[in-house]
Structures are given as structure tokens and as C-alpha cells.
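Enquirer: Position one of the sequence shown corresponds to residue 1 (the UniProt record's numbering), numbered consecutively onward.
If you're looking for bench data, these hints aren't it; they were derived computationally from the structure.
Certain hints may be false.
Stated by the list, open to error - Here are the simulated SDA-like pairs of lysine to any residue, each with C-alpha atoms no more than 25 Å apart in a straight line:
hint: 1; residue 1: 116; residue 2: 131
hint: 2; residue 1: 78; residue 2: 59
hint: 3; residue 1: 78; residue 2: 92
hint: 4; residue 1: 78; residue 2: 98
hint: 5; residue 1: 116; residue 2: 65
hint: 6; residue 1: 78; residue 2: 96
hint: 7; residue 1: 100; residue 2: 132
hint: 8; residue 1: 78; residue 2: 66
hint: 9; residue 1: 100; residue 2: 66
hint: 10; residue 1: 100; residue 2: 86
hint: 11; residue 1: 116; residue 2: 74
hint: 12; residue 1: 78; residue 2: 67
hint: 13; residue 1: 116; residue 2: 106
hint: 14; residue 1: 116; residue 2: 68
hint: 15; residue 1: 116; residue 2: 78
hint: 16; residue 1: 100; residue 2: 112
hint: 17; residue 1: 78; residue 2: 128
hint: 18; residue 1: 116; residue 2: 80
hint: 19; residue 1: 116; residue 2: 126
hint: 20; residue 1: 100; residue 2: 82
hint: 21; residue 1: 78; residue 2: 112
hint: 22; residue 1: 100; residue 2: 78
hint: 23; residue 1: 116; residue 2: 82
hint: 24; residue 1: 78; residue 2: 138
hint: 25; residue 1: 78; residue 2: 65
hint: 26; residue 1: 116; residue 2: 85
hint: 27; residue 1: 78; residue 2: 95
hint: 28; residue 1: 78; residue 2: 63
hint: 29; residue 1: 116; residue 2: 129
hint: 30; residue 1: 116; residue 2: 132
hint: 31; residue 1: 78; residue 2: 126
hint: 32; residue 1: 100; residue 2: 125
hint: 33; residue 1: 100; residue 2: 70
hint: 34; residue 1: 78; residue 2: 90
hint: 35; residue 1: 100; residue 2: 128
hint: 36; residue 1: 100; residue 2: 120
hint: 37; residue 1: 116; residue 2: 70
hint: 38; residue 1: 100; residue 2: 74
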Amino acid sequence: MKRKIMDQKKGSEIMRAIEELSVMVEVRSATLVPVAEHGDVDDHARDRDAAFINHEAAHIPTRPFLSLCGLLLQVLDKIGPTMAVLRQDIHQNIRRLEVKHESDPSTYSNMVEILKMEATEGIARNVTSSSRAVVWLTR
């Protein structure tokens with residue numbers, strides 16, 4: 001009986017963490033490329049064009065993004081030691097982005113600006129780049 005109560009409590013903690021993650025997700029509207037600009041297009045092309053986003057309008061605040069990633073670490077902690085390697089990798093990527101943000105908070109308050117800056121400097125593909133950290137965190 002005691003084990004069943006412990007399992008229910010652990011399950012509810014994971015559910016609460018997942019619910020908290022879901023609440024924190026903020027979807028910002030982005031400008032889509034109008035299909036009308038392309039003239040007569042088939043359904044496949046229309047679906048493809050709907051995926052184009054105006055990156056100038058994109059804005060992902062760094063602090064809330066990192067907070068959300070931190071909540072994911074809490075979920076992995078609740079799952080247990082089987083996720084230790086994944087947890088360490090995620091924590092390392094979060095830390096990499098925190099260091100970048102702390103180096104100049106006003107410039108790097110937006111994740112898109114971090115990505116643009118690294119792409120411009122040509123360091124986005126480096127193993128230790130913030131861009132790589134973002135790729136792994138979004139997976």
C-alpha cells in the first residue's frame with residue numbers, strides 16, 4: 001500500500017512538472033509568407049510556403065527559454081538515474097547559453113540574436129557554440 005502511494009505521488013510530481021512546462025510555452029505569432037505572392041500553386045507548395053517564417057519578426061526571450069529548459073531538468077530528475085547522461089548533456093547546453101547571456105544581457109536577451117551573431121561570425125557550427133546548444137535543447 002505504501003509503495004502504491006509513493007508511486008502515485010511520484011507520478012503526480014512528474015505530471016505537475018509536465019503541466020508547468022506546458023503552461024510556460026509561449027507561442028509568438030510569426031509573419032508567414034503569403035501564398036498569393038506565388039501565383040497558382042498546388043496544395044503541397046502552399047503547405048511548404050506556410051512554413052516560411054519572417055525571421056525578423058521572431059523573438060524568443062533568453063531567460064524564459066532557459067527557465068523552461070531548467071524545468072525539463074526537474075522532470076529528468078524525477079524519472080531517476082537512468083536519465084543521468086541526458087540530464088548532464090542538457091545541463092551543459094543550458095550552462096553554455098547562460099554564460100553567453102551573462103556576458104552581455106542586453107545584446108543576448110533574445111535567442112534569435114545569439115543565433116544571428118554566431119552565424120555572422122561563422123562560429124555557429126563549432127562544437128562549443130551556443131547555436132549547437134540551442135539545436136540540442138530544442139530536440
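Enquirer: Evaluate each hint against the coordinates.
Expert: Results for each hint:
| no. | hint | in the structure |
| --- | --- | --- |
| 1 | 116 / 131 | 9 Å, holds |
| 2 | 78 / 59 | 31 Å, violated |
| 3 | 78 / 92 | 19 Å, holds |
| 4 | 78 / 98 | 23 Å, holds |
| 5 | 116 / 65 | 17 Å, holds |
| 6 | 78 / 96 | 23 Å, holds |
| 7 | 100 / 132 | 13 Å, holds |
| 8 | 78 / 66 | 19 Å, holds |
| 9 | 100 / 66 | 12 Å, holds |
| 10 | 100 / 86 | 22 Å, holds |
| 11 | 116 / 74 | 30 Å, violated |
| 12 | 78 / 67 | 17 Å, holds |
| 13 | 116 / 106 | 15 Å, holds |
| 14 | 116 / 68 | 22 Å, holds |
| 15 | 116 / 78 | 35 Å, violated |
| 16 | 100 / 112 | 13 Å, holds |
| 17 | 78 / 128 | 28 Å, violated |
| 18 | 116 / 80 | 36 Å, violated |
| 19 | 116 / 126 | 14 Å, holds |
| 20 | 100 / 82 | 30 Å, violated |
| 21 | 78 / 112 | 31 Å, violated |
| 22 | 100 / 78 | 28 Å, violated |
| 23 | 116 / 82 | 36 Å, violated |
| 24 | 78 / 138 | 20 Å, holds |
| 25 | 78 / 65 | 21 Å, holds |
| 26 | 116 / 85 | 30 Å, violated |
| 27 | 78 / 95 | 20 Å, holds |
| 28 | 78 / 63 | 23 Å, holds |
| 29 | 116 / 129 | 12 Å, holds |
| 30 | 116 / 132 | 13 Å, holds |
| 31 | 78 / 126 | 32 Å, violated |
| 32 | 100 / 125 | 16 Å, holds |
| 33 | 100 / 70 | 16 Å, holds |
| 34 | 78 / 90 | 15 Å, holds |
| 35 | 100 / 128 | 11 Å, holds |
| 36 | 100 / 120 | 16 Å, holds |
| 37 | 116 / 70 | 24 Å, holds |
| 38 | 100 / 74 | 22 Å, holds |
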